[in-house]
Every structure is written in structure tokens, then in C-alpha cells.
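Colleague: Chain by chain, the residues run as shown.
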Amino acid sequence: MEKIRERAATLLAEGVVTLVLGYEEGTKRPRPLFCRNSESARKLIFDSRCIHNLAVYLTKKELVGKDRFAVIAPIATLRSIMQLYVENQLSEDKLLVLTVDPSGELRELVTFEDIAGYVEQFELKRGEREQEILSKIDEMSREERWKFWMEEMSHCFKCYACRSACPLCYCSKCVVEVNRPQWINPWPAPLANMEWHINRAMHMVGRCTACGACGDACPVGIPIDLITRKMMEDMAPEFGYIPGQPAKKGNALSTWKLDDREQFIR
Amino acid sequence: METKYISQSGIEQWFNAIITSGKRVYAPVNSRGQIDFKLVKNLNEVSSEYIQTTQSIKASVYPKAEVLFSYEKVNGKVNLTDFDPESVPETVMWKVHPCDAAGFKPLSAIFNWDGADKLHNAHLAKTSLVSFSCASADESCFCTSVNGSPGNTAGSDIQLTMLPDGGAIAEILTSRGGELAALLPSVFEADKGVKKEKYLVDLPARFSLEEVNTKLSKAFNSTVWKEQSERCIGCGACAFVCPTCACFDIQEDVHGSKGRRIRCWDACGFAMFTLHTSGHNPREHQSQRWRQRILHKFSYMPERLGVVGCTGCGRCSRACPVDMNILEHITSIAQQ
Amino acid sequence: MSKIGVFICHCGENISATVDVERVAREVGGMEGVAHAIDYKYMCSDPGQTFIKEAVKKYNLDGVVVGACSPRMHEPTFRRACAEAGLNPYLCEMANLREHCSWVHEKSEETTEKAIDLVKMLVQKVKKNKPLDSIKVPVTKRALVIGGGIAGIQASLDIANTGHKVILVERDPSIGGHMSQLSETFPTLDCSQCILTPRMVEVAQHPNIKLYTYAELESLEGFIGNFTAKIRLKAKSVDYSTCTGCGACIQKCPVKKIPSEFNAGLGTRTAIYVPFPQAVPNKPVIDRVNCNYYKRGACKICEKTCQVGSIQWDREDEIVTEEVGAVVLATGFDVKGADFFPEYGYGKYKDVLTGLQFERMASASGPTFGEIRRPSDGVIPKKIVFIACAGSRDPAKGIPYCSKICCMYTAKHAMLYQHKVHDGESTVFYMDIRAGGKNYEEFVRRAIEEDTVNYVRGRVARVYEKDGKLIVKGVDTLLGGQQVEIEADMVVLATAGVANCGSEQLAQKLHVSYDPYHFFAEAHPKLKPVETNTAGIFLAGACQAPKDIPETVGMASGAAVKVAALFSNDELVREPLVAVVNRLAPPLYSTCVGCFMCETACPYNAIEHEDIRGRDGSLIKTIAKVNEGLCQGCGTCVAFCRSKSIDIQGYTHEQVYAEVMSLLND
Amino acid sequence: MSSNTDFEPKIIAFVCNWCTYAGADLTGTSRLKYATNVKIVRFPCTGRIDFLLLLKSFAQGADGIIVSGCHPNDCHYTSGNFHARRRWIAFRSILDLMGVDIRRIQYSWVSAAEGSKWADLVNHTVADIRSLGPYQEYQKIADYLEKGGYHGED
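In the order they appear, the protein sequences are chains V, H, R and Y.
Residue numbers for the first sequence, in my numbering: 2 to 267.
Residue numbers for the second sequence, in my numbering: 87 to 422.
Residue numbers for the third sequence, in my numbering: 93 to 758.
Residue numbers for the fourth sequence, in my numbering: 405 to 558.
For reference, chain V alone in the conformation it holds in the complex (with noise of 0.2 Å):
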């Protein structure tokens, strides 16, 4: 942690980068903080609590500024950060990434290459929750599973956190504010409600790296992170990506194979 303050406060000093994207102590637990000066660098932490997705901030240019910029990046915004430089939204020479490796090592990441690299090595498991409540959806029949996620859904109030806290909904105009036509109902009601959670999800085909800040940030708790997450894990084998290691040309839903397999088209 100390090596990271340091680190951070020399880059700003030296003027190597005008801004340190790290984490703070928050109010119940560790929150995103923008460190433009040294001085401010002493406040930075970093362990296991610092979840927040901070590849969200790196397409918001009002924030990072035409200057270089570092962020110090836990394994989840690493795969984010590989995904959003296969689609066009980050550029190597702005960018420096500062990482903890499991040893406890200060690691800088320069290139993207390096990056992927390093995140080859971090194998991407179900934790305890996501464990929990897929199997539970996976014993459900269709119909029961229709009433879980119509009751969740009838909890959203569409105030598109799941959305803001993702790194890769950056669209400066999102399809639900498309209004000729109108897709998406911009009212909050159940099944407007899933038709955006369905949308979102079949967006995010070959793009989600599972990171979980969409469902983190839910307000009224709908796990809609397992949505994306379920088909993330069962398109990567299916179309042969793996979050945080994209392809460098085109996503799954943007090329195909001749063999691609199914069993529904008669």
C-alpha cells in the first residue's frame, strides 16, 4: 500500500501523469478516488475491498483529461481495460496501469500487450454468491424462472446503475434513449424492465468480463450481473473468447465460424 502511495505521489510529481485513478477509504467501504497532485496520493489504499470497477472512468474524457493518466487496476478492471482497448476506446500512450501482483509485488503495466500478458495468468471462477444463486436458477423450470426474474425485474426502477457502473456501456446515446423508435419503454415496468436487462445482456455477448459491477451497484439488489455472467459462460466456450483476452479483431457477435453449432434452426 505504501508502495503504491509512493508510486502514485512520484508519477505525479514528476509530472509522468496528471492523474492517479486509485481508491480511498470510503464511508462502509473503499471508494474511487482522483488523485491530481501528490499531496492527495497519501490518501490512496489498496487490498481486497477495492472492487469498484474503475475501467468505467477511463471513457469519461472530461474526467481523465488529453494528459496521460495511470489507474490502479485489481484484476477485473485489467480484463475491462483489455476489452476496451480491442474496441477502439484507449489508446496505449495514455494510459499507465499500476497493479498488486498475489505476491504483494507493485507491478506497472505499459503496453497492452503487457496486460493481457498478465491477466492470462487469473483464471475467472463463479464466486460463493454467483455459485448460489445460478444453481438455484439452474434446478428452476422455464416457468418458475420467468416469475424470479419478473419479480426481481418488478424491483428495478430504472435508474440505470447497472449501466453507469459498467466500463463497457460507454455509447454516448444508449439504445433505451433511441426514440425513433422508441426500443426500449423509458418507464419503469416489469417487462420494460427485462426487455432492457435482455438488450443489455445480448450487448454485452463476447464483450462482459464478469466483473460484477453492474449487480454491485444495483440499488434494489437485483443480481442482474448473473444474467450477463451466465451468458458469458455459456458463450465463451461456445464462440472461443475469454474475458480480459479478446480477440483483436471483432467480438463474438461480430464474426463467425462455418461451424458454429445449434440445434434449433430447422
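Treat each hint with caution, since some may be false.
[To be verified] Computed cross-link-like contacts, DSS-like style, restricted to lysine-lysine with a CA-CA straight-line distance of at most 27 Å:
no.: 1; chain 1: H; residue 1: LYS278; chain 2: H; residue 2: LYS159
no.: 2; chain 1: V; residue 1: LYS61; chain 2: R; residue 2: LYS717
no.: 3; chain 1: Y; residue 1: LYS544; chain 2: H; residue 2: LYS159
no.: 4; chain 1: V; residue 1: LYS148; chain 2: H; residue 2: LYS159
It is worth saying that the hints were derived from the structure and are not from the lab.
Chain V is fixed; fit chains H, R and Y onto it per the hints.
Modeller: Here is chains H, R and Y on its own, set in the frame of chain V:
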């Protein structure tokens, strides 16, 4: 206004009497790991161990999306069906916190500032509030800093203050409260002279409203907005859980020759909220939207409507995915 | 409010027999925005079209729906009628009341109701239609032909003879390709060089053909009618403007042991060389890898020999830029060579040859001057085995396809051998004999019957050397799998034809697709065999798949006609049913955020990057842009775009949404 | 859900212009008969068919949906149907997770030569949807705003 005593069993009998009367009763229920107001039939469904519900009673009193009117074109003629105030059922909100009950004053000030809002008033007219004073609070609570208190009765029809014996001090505050008590008058016993202050949580004020007001009146161009809002991701969670936020959007739901006009919740924190058709956005950056939120609640509303737009419930701080803590931010403005 | 005209056709009785057309017109006529609705016996007839034209003018219609047959049949007819009446043709739509309704349902209430729904659906769509203008793209009337084999030669000559300029690029120092290496050609056994050389000379002398030999395509930018090609002219080290092609330098060059590519490695060449005597151009290049001067810095004998001072040691590669309107890809194929057949001993035993090597050996201009002699000892082989399908039709070797030409050339080889070595004995191992072609089957029968070639149906398992003989072990499947063992003096492998090396990279440069074997992919396997997916780029010859000379020449002429057709107009006029990326006022400029996933979704490489810059020139954002010259209007990008920033004209979001809503609302 | 013989399902078909639309034209030219329940919306290519259209169709009261285009390798645009196939693989998996009744979406490849296949497809789909009954589960909630149905209120 009269003060009574109601015993533990009296509370239950009275509750059952309200149910039997056919009124809908909403009360805090623990479900899916969240405490929120839900329709209840039994007192034992009501949750006891919590500080605050995720959503304010606004979420139960008003629909999140509501039909203003509907229309249909038949043989070239348009038939219009207006909103019917009588369609709103009689509702009792049970176990409301004083900070929630206090929220209706700012809401009414907004909805009725230039003309009476038929829908808002209909919901209000059909809703009775049974508040429970607060015996506990957490670090996000700050009602005492915004003209409120754990035992504030403003907005409530009846307020109960729970006593160690399981009974409660019952303050019947309005005629509507009187009608509610009259559903089972026998359980309302004579006041035992117990002071309710003893059973309220001690919550010292964290800032002075006057001071905040003075600071804010000069703060429009301050850098504080940008500093505070950097981590804000621009979702609407704070507005949607807030008991006083009233931003709304109007939408058409058209199917062929039929349609309805819908009013649904919106939030000033959304980038699209102020976007003009031209492409210009007067509140282009999140910092401007954060400023609007704070100034509206703590400066514009007191100035123009004579009421503070915040009841100190702390929900926005709890709901915020990135810990935009309103208490912390307001305190820091007051101390500047 | 819209003013839409609806015209319901009886189609004689084809529609009116099952659909109550009058009711359709009546009910649709009562719709919001419909200004005029009639039914008529034959809408497509002259009087029918006149009704439409007059109504467009009389009611000032801003949309027309014709409820009649399939739009695949008469959409152009009715659009033209609208255009003649002054209504933009793209404001006319058709409801398919015949093929999709009256012909597939019995006469009933439901059938009429379905017809009403279908017309209403199109009325709702046409309300959202926008007037569109045809897309006009200027055409540069100059073609680029890549590859100077028979395919490239034929295509170049055909295009040049229509009066258009051609730039022909050849990788090797001479044009001619594989055909120039062949001895005789099946099924007529005429000499390959004799029929090819005049064509090569014609290319060199044609006023409309600019020939770049020893050159490769560096890059190709642009789109149909408007390509910019950068061509790398590899340094020849010889100044062709002064060189007379006397050949003295070649005689004197001390480096003489370089395996000759032209002779498939059987003969040798010098470091300064022309690939073969009839080369075009018949001037040498210096092979810098093998030249003493370039290797060690000393020699320069050629320079001393050259009377006209044409040797240019410090010549460098040069890049020339050519503007062209169309490209013909004619890069040909290659044959599988060494180490692909360890079981047949190729590369290990000198007397195991490929078909191409045998071809050179049988050629009068070849390393043995047309005599069949064992490379190991120069002895004339008395027993020779030809193995067909060496690699082809063998999924285990990764080549499941048939190389198509081997059956024929193996028959030819066996025949040539029998003609040259009268007491020789030849055996052909084959899987099937594929001799589909004019006079092909007769040719194979001649080999078997007149020239007594022994055909054995079966696979060869192994070839190994024993006491100076090549032992060929195989089975005869016609004799119930009987083991066959032949002591041969020479073995010739009919190796598989494969894609030319570098074809994958070339395809990527050109943005054309290729199949799993790296042959270039045609746009449609049946109906567009010479087109690629990229408009303006055509295919000729074996770069698409192995094929013989007549087929190659035919395809080259086909490609040439496609180019000529393209060049027959000054402008390319295209239907405006293409994708468009939205553009908005600042500060958004477009809802496109530039993720460019549409780029990979597009089958036509029509998505380009567009930089949006502020007044000071600073980059604001990079968004997608559809090249309307390339877009074919499939709309895959549209369904893919998350923010709905791309839309497709003619099938816009609003149009299809209105259709779906219309069908389901009532 | 019990099957209802009086029930006439509303089925919408999304088809590509080059194969299935032409195939359906051939059905007509061949005078093969099929049920009137299915109505066709024409698209340039299956690659153009937006998954949101399918969702909106159910919300608007469709009981069943047919999506059909060119067989693999036959796409007029070479790969639109391959893109579409992937899209449907993902979409189906998501819908199934959410509990949407995916039996109500029939995907198919019908070429321009398969006029009789189109008639069979329509008739089979109509029969299938008829036995599944109206998709009330979905349509019911499409009208709900909040109250009056899904908040545990009634």
C-alpha cells in the same frame, strides 16, 4: 392532537382492524435481502431490525410510472379518458420514519407550486401515514441537520414511539389520524405521561442549514462541484430512493389508434435530462448535474418554495454505488 | 399528415378470386393518412400504371402502396411509374397479395383480413419512407491485373482489346506462369510454349497494357471504380531502358549452380538470369541472394561484360502508384512439393519427381531436352510409376478437395513417356479417373488402349529404394485389395494443387475473402464465380480453385467482360439501399462511439474510419463511415450496432418497426 | 396452459429477401396452401433482423415468431446468415435464462427453391403454437405499468 398509550396487543388489534377496514397497508418487509415497503396483511410480516428501507415511501405512494390520461381514435373521433382520482385506493403507510413523512411537504411544494397536481394530490388524499419515531440511526442519518428529528411529527397522521414494554406512545396528529384510530378506539388508552424524548435516538446536528445556505448562495461557480462529483457515475439511484426528488418525464405509449400518456420518474443526474433536441446540453458535465442536485435541494427550494428539499434520511448515500455521501459533501461545503 | 395512395390489383382473378379486393381497398382507404384507395383488374398494365400516375398528381401523393404480386416481380415497374409521375420511386412499396396470400389460402374471411393486414403494414412502412437518390460513383477506366500467367495474360488482352488501359503486375521476372513450364497440353498434345508465347509477346507489345514484371502489389486502397494501387517494383539491378537482352552477362556469370525455378529445380541457372529463353521481357535480373557481388562485395563480371552499361548495382525497390477502377486477381496456384510425401520418398530419392518436374523433363526446352532420364544417373527409366491424387482428396493431408487437373496430366505424362520410351512400361495408380471435359475421356482411353498404360485402381502405401530400384507398394482395389508391388526406375507424383504462397496476405491487402485452403472466395458459388465480395475485384484462373487451361482462359475472359461492363459507364449508378451512420449537431456529431465492431461484421469492408475534427484541427472523435460504393445493403451492421447509430435505407429501424407494430396492433 | 382449438395464433415471420421471401413466393406460384396466421415482414438479409424486433413482437401480442433466411453458404451477402446464426444462439440462451418461452420462436433456413418447405414450416409452426396456446404470460405483463398486477398487489 392528543396523546395516548397503546399496548403491544393493542397495536396488533388496531393493525388488524385497519386491514379489516379494506385499506391497503404498506409496511417495511425484509425480502430478497432488502427492506422495503410492501403490501402486508399481517403484523408479523413487518420487519423490525433495520435502520432504513432502501426506497422511500414515495415508491409505494406513487407509481413509478402512471397514466395521466388515455385516448383512442374511433371512426375519426378521439375518446379521452382522464385520470380518475377515485381509482386510487385508500392506503395506510405503516411504520414510516419521520424523515419519510416529512418528505411530503417538499413534494407537495413542487407538484403544486403553480397549479394543483391532480395525481399527486389524489395519492396524498388517499394515504394515511403511521410513523414510528426512531430509536436508532446510522452514520448516514442526519435529519437533525435539516429541521427534522427522530421524533418529528411533521407529515404524520399518527406517530408511535415504541416503549420497552412493547407498547407505544401514540400521538394522534391529524383528523385523518383520528379516523384511523377510530377504527378501534378501545386500544387507545389514556396517556401515561411518559416523555417520548427518552426513547429517541440521540443524533446531534452535523451542520447548520443557515451556514450551508449562505455558502451555497456564493458557490455556483465554485470548483467544489467538480471535486466532489468526480467519482459520480451519473446514475439515478440517489434520485429514485429519495423521499423528496420529484423529477419526472412524460412519455407516450401508443399502440395503433390507442394510446396513453405516462408520467414516469426521471432524475436530474442523468445526462439526457437536460439534453436539447439541438444537441446542446446546458448541463453537459456531471459536475453541473451534481451542483443542480445540491443547489436545488438546499438553495433553490428554500428560496422559492420555502422548504428544504432534503429530510436527512441518508438513502442517497446508502444507495450510491460510488459512495457519494451527501452528508460528507454538505458538511464540507458548510465548513469551507 | 401523409397522403398515401393505395392500389389493389385483382391480377385478373389471381387475387380477386380468393380476396375481396374491394373490401381491402375500402378498409385501407379509411386508414389515417390514406388519401386515395382503388382496386383494378391489372395494376401492372398500361391503364393500371396510368391510374397510379394520375393519382400521384391529382392527390399530390407522398407515398404509394401497390397491393399486387411479389415485389420481386413488379417493384421496379411500379417504382418507375411513380418516378414518371414525379414521385420519388423509393416512396413506393408493394404488398404481396398474390404469392403470399391469394395463391396460398382458400377464399375466406381470414384471407381477405390477412390481405388487409398486409396492405396496412406497407402503408405504415411507407409513411416512414424517405425519398432516396441513386448513388453515383465515378469510374476510373483502367484495370489492374495481378499475375501474369495465362489467366492474367488473357484477362489483360481482353480488357485491353475493349480499348481500356491495363496494368499487369507479375511477381517473377517474366510473365508466362505455370503454362510456360508445360511440355505439351492435354487433350490435344500441342506444345504449350507454341500457343502461349505469341500471347506473351502480344501483351508486351499491346499499346493499352503497361507491364510491371518482378513487381508485387504493396497495397490497395479505395473502392470500386476508385482504387489506388501501390506497386513495389523490385530492384532488377539492370537498366531495361538500355539493356538489349543480348545475354552476354548470363554467359559470363560465374555463379552457375543455382537450382532453376523454371525447371522446377531440375536444371540450374546463373545469378544474373532470364528465367527461360522465351521470357517476356527477355532481359535479365540479378538474383541478389546468390550474386557474388551482393554476397561478398566483389565480382562485377557482368558489369564488365555489358557493352551498354546497363548494370545498376545500387538500384533500389521502387513504389509506383496507379489509379485503377477494377482489379483482376490472377495469381494462380502452386503444387505441393518436398517433405509433404515422406511415405513416397519425395526429396529423399532423386528419382521420385513431381508432375511439374516431369513436365520440364518432357519439354524439348527442358533440362534433358525432352528426354526422360533419371535425375540420379541419367539412365532412361524402363519402368515408371505415376501416382495420382498425391495429397489431393486426402483429408489427412489437409487437402480434402480434388485438384482437378491431375487425372488428365497424369494420362498425358504416361502417354508422353510411352511415346518417348517405346519399350518402357508405365503404371498409373489412381483413385478415380475424373475426365470430365471435351475430349478428355477419349484422351484417357487412348492412353490406356493405344499407349498401353497400365492403370491400377488403388492407393500406394509406400515407396522405398532397394538395390537401385524404387519399390512401389500398393493395393489394387479392383482385384479385391490384392497387394501390388512394382520395381520402378522412376516415380512421378501428381501432387495436389494448392493456393499460391502469400495468397492469404494478398487477400487481406485486397480485403477479399478466401476459403479454408487460402484460395480466393468467389462472391457466389454459382452465380457470381468471377466476382469477389469486394465490388470491383474479380477472379480469374486457379487462384480461385485448381483448374485447367481452357477453364482458366474462359474465366479470365469472363472477368474481363465484368471489367469492361463496369468501364462502359462514366459513373456507376447504384440503388441507394445502403447503410448510413447517423450524423448530428455538435457536441455529439454522431451517436457512433467508434467501437468498430461493425467493421468485422461487414462482409464487404465497407466500414471506414472518419475523424471528426474541431476548428483547430484537433481530433474530437473517430466514428464509422459507410463507403456507399462498397456497401451492398445487407444490414448486418445495423442489427449489430448497439447504439443504433447505423441504419439502412429502405429498411430503416423506423420502417421495420412500423411494419411489425402494424401487424400486431389490431 | 391448455390447448385451445378456437385459438388463432398471431404469428409474425421475419424473412430475408433472397431466400425465404423468394421461397414463399414459390409456395404461392406452386399454389401450395398454408394457414393464414403467419404474416411476413421482408428484410434484406437475416443479418438485418434485430433481436429487439422479436422482443417487441411478443410484447405486442405475437404468440409465435418465425425467423428464416438462406441456408448456410447460400447467403446473398455471403455471411449475413452466419452472423444471424450467432446472434440467435446467444439470444436464445439469454431468453431461456430469463424464462422466456423459446419454443415460440422457430428459426429456419428456407431457400428460394423450397416452396413446399415454407408451407410445411408455416403449418407446423401454427400447429405448435396452437398447442402452446396464447402467450398470455408475456402479453399480460406487457400492459402493466406497476400497480395492477405485478407488485404482489393482486
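Colleague: Run through the hints listed earlier and report the numbers of any the structure violates, in increasing order.
Modeller: When the structure is compared with the hints, numbers 1 and 4 turn out to be violated.
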